[in-house]
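**Q** Sequence:
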Amino acid sequence: MYGQPVYILKEGTERTRGKDAQRNNITAARAVSEAIRSALGPKGMDKMLIDNFGDTTVTNDGATILKEIEVSHPAAKFVIDLAKTQDQETGDGTTTVVVIAGELLKQAEELLDLDIHPTSIIEGYRLSRFQAEKILEEIAIDVAFEDDKTLKAVAETSMSSKIVSGEKGPLSKIIVKAVKSITEEIDGELFADIDNIQIQKKKGGSLVDTELIDGIILDKEFVHADMPKKIDGAKILLLDKGLELSKTEIDAKINITSPDQIQAFLDNEHEMLKEMADKIIASGANVVLCQKGIDDIIQHYLAKKGIGAVRRIKKSDMEKLAKATGAQITTSLDDIEDYIGKAQVAEEKSIADDNMIFITGCDNPKAVSIIIRGGTEMIVDEADRAIHDALCVVRQVIHDKQVVPGGGAPELRISHKLGDFAMGQTSKVQLAVEKFAKAMEIIPRTLAENAGLDPIDVLSELHVQHAKDGQGYGVNPFKSKVDDMTKLSVFEPISVKKQAINSAAEAAEMILRIDDVIAAKELSGGPGMPPGGPGGPGGMDEDY
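Using our numbering, you'd call the opening residue of the sequence shown number 4 and step up by one each time.
I should point out that these hints are in silico values taken from the structure, not numbers from a laboratory.
Computed from a predicted structure; not experimentally measured.
Please note that a few of the clues may not be correct.
[What the hints assert, rightly or not] Computed list of lysine-lysine pairs in DSS-like fashion (alpha-carbon distance at most 27 angstroms, straight line): (1) Lys238 to Lys256; (2) Lys176 to Lys232; (3) Lys50 to Lys22; (4) Lys307 to Lys295; (5) Lys431 to Lys441; (6) Lys13 to Lys70; (7) Lys50 to Lys431; (8) Lys420 to Lys490.
[Said to hold, decoys possible] DEER-style ranges, computed between Cβ atoms: (9) Asp337 to Met381: 44 to 54 angstroms; (10) Asn358 to Ile202: 45 to 55 angstroms; (11) Glu380 to Gln266: 11 to 21 angstroms.
C-beta: ideal position from N, C-alpha, C; glycine also.
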């Protein structure tokens, strides 16, 4: 009132307002988007990521790249969360969602420079988002559960941009068979939980040696050297209890006054363990898989009867074993005959110098395994990421029962159709819809750029084809031209595209709403202390 400044924020607090705040956020989000743009598509490049410990990751998987890089700007972190959400929801399209979000913000920035209020831009983006969903549904192609050809094409499309692209044919067969075998019908809807597909990675061999096992692989070995290494006609008992004598809950003291009492005590223990072994032998089970420990005495008795036993198996593996073999996990040794499952073979094999137990030949298993092989650890890890993405997209198609063409065709279709939709809107919202349409072109543009093509020529030709109602036309990076993706069998799940466009638009809308950034001063040692706390920057004083 009298020219005296009034301070309401703590000293050292930074505040950015208005267009400066919006520009800072948009620039940070776009920087993340630009960083991974070159990884999009079959001709996309890989990134080498080195962490604090010197561990190296080579990948072009958007979620992995963004998970490994460390950013400090809140808007950049927000965009990284987009990729995580996309990965959790659909398993694929992580690079796409970040690239679209970055482009939407770039287009919005141009409107902000024209003094168009963020509210008008947000309204235009919101309307465009809903319209984009309708356009996707118009161009969607129905897929039946029995349509293996399309399901394989979806898996191949997902893997075509990965390191495994050279072997995508045989791998897609494995992936489709794996997902279909674990698919269940719940309330009239088909549901595939890919957690029921166990992935084992072993360095050695090549990608061609990757195989599907109609059962479960355990990274274990039989507990006793005298147990058979191969058991045909396996009758499997799953135990969630230790085959050993448990200690008492309370402290107890036993007074022994003569050697005879020691022997009697040991004999009693031995008898109790033998009784456990006898119950298992009497049940007819010839493979015992235990979540906890197995005593040496029980191991001896089981080995004498030719029964194989494995101990300390993970709970998740036990659950998969139950789904694969039809066995039920039990915590008691009484009446265990009813809980036994079946498999054709339980065999201990040596893979890459490690012994593993293969439980195979299960009838109609609802849990299966894929063992991934590759020349180096990095190849095996990248193959694992590629196969995970492919499993997710096949699962999504089984759920959605619909696919859309790939190669940037759906984004170009949305861009083309939104041009007509924009005409019916008010002036400022119309500009926002047109910018949304332009932003959608970023996917075919990036695919063209990454393939070394001229993006202007490619986009012009695509618009010509879509004007003729060639709704399946997209970029063919392998032949360096525009092509009909439906004829090439390049398909993606509709839910991947819907999720990517919705998430990217919602993120852009949220970032555009921010017009004030108040950043607290970074914490140091506290009042009256030097940065780093007592003893200065080095931390505590040595004499402290």
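**Q** Below or equal to 27 angstroms on CA atoms is what counts here, so check lysine 238 against lysine 256.
**A** Violated - the C-alpha atoms of lysine 256 and lysine 238 are around 41 angstroms apart, more than 27 angstroms.
**Q** So the hint says 11 to 21 angstroms: do the beta-carbon atoms of glutamate 380 and glutamine 266 match that?
**A** violated, 54 angstroms
**Q** For a C-alpha distance cap of 27 angstroms, please report whether lysine 431 and lysine 441 respect it.
**A** Measuring from Cα to Cα gives roughly 15 angstroms; hence the hint holds.
**Q** Given the hinted pair lysine 176 and lysine 232, is their alpha-carbon gap at most 27 angstroms?
**A** Measuring from Cα to Cα gives roughly 30 angstroms; hence the hint is violated.
**Q** Regarding the pair lysine 420 and lysine 490, is the alpha-carbon distance no greater than 27 angstroms?
**A** holds, 22 angstroms
**Q** Holds or violated: lysine 50 with lysine 431, Cα cutoff 27 angstroms?
**A** violated, 40 angstroms
**Q** Has the given pair, lysine 307 with lysine 295, been kept, meaning a C-alpha gap of at most 27 angstroms?
**A** Given that 27 angstroms is the threshold and the Cα spacing comes to 21 angstroms, the pair holds.
**Q** Is it true that asparagine 358 and isoleucine 202 lie within 45 to 55 angstroms of each other by Cβ?
**A** violated, 19 angstroms
**Q** Taking 44 to 54 angstroms as the hint, is the beta-carbon distance of aspartate 337 and methionine 381 inside that range?
**A** Because 50 angstroms falls inside the window, the suggested range holds.
**Q** Lysine 50 and lysine 22: Cα distance at most 27 angstroms?
**A** Judged against 27 angstroms, a Cα distance of about 33 angstroms means the pair is violated.
**Q** Taking only the CA atoms, is the gap from lysine 13 to lysine 70 under or equal to 27 angstroms?
**A** Distance ~33 angstroms between lysine 13 and lysine 70 Cα, so the pair is violated.
Hints 1, 2, 3, 6, 7, 10, 11 from the list above are not met by this structure, while the remaining hints are.
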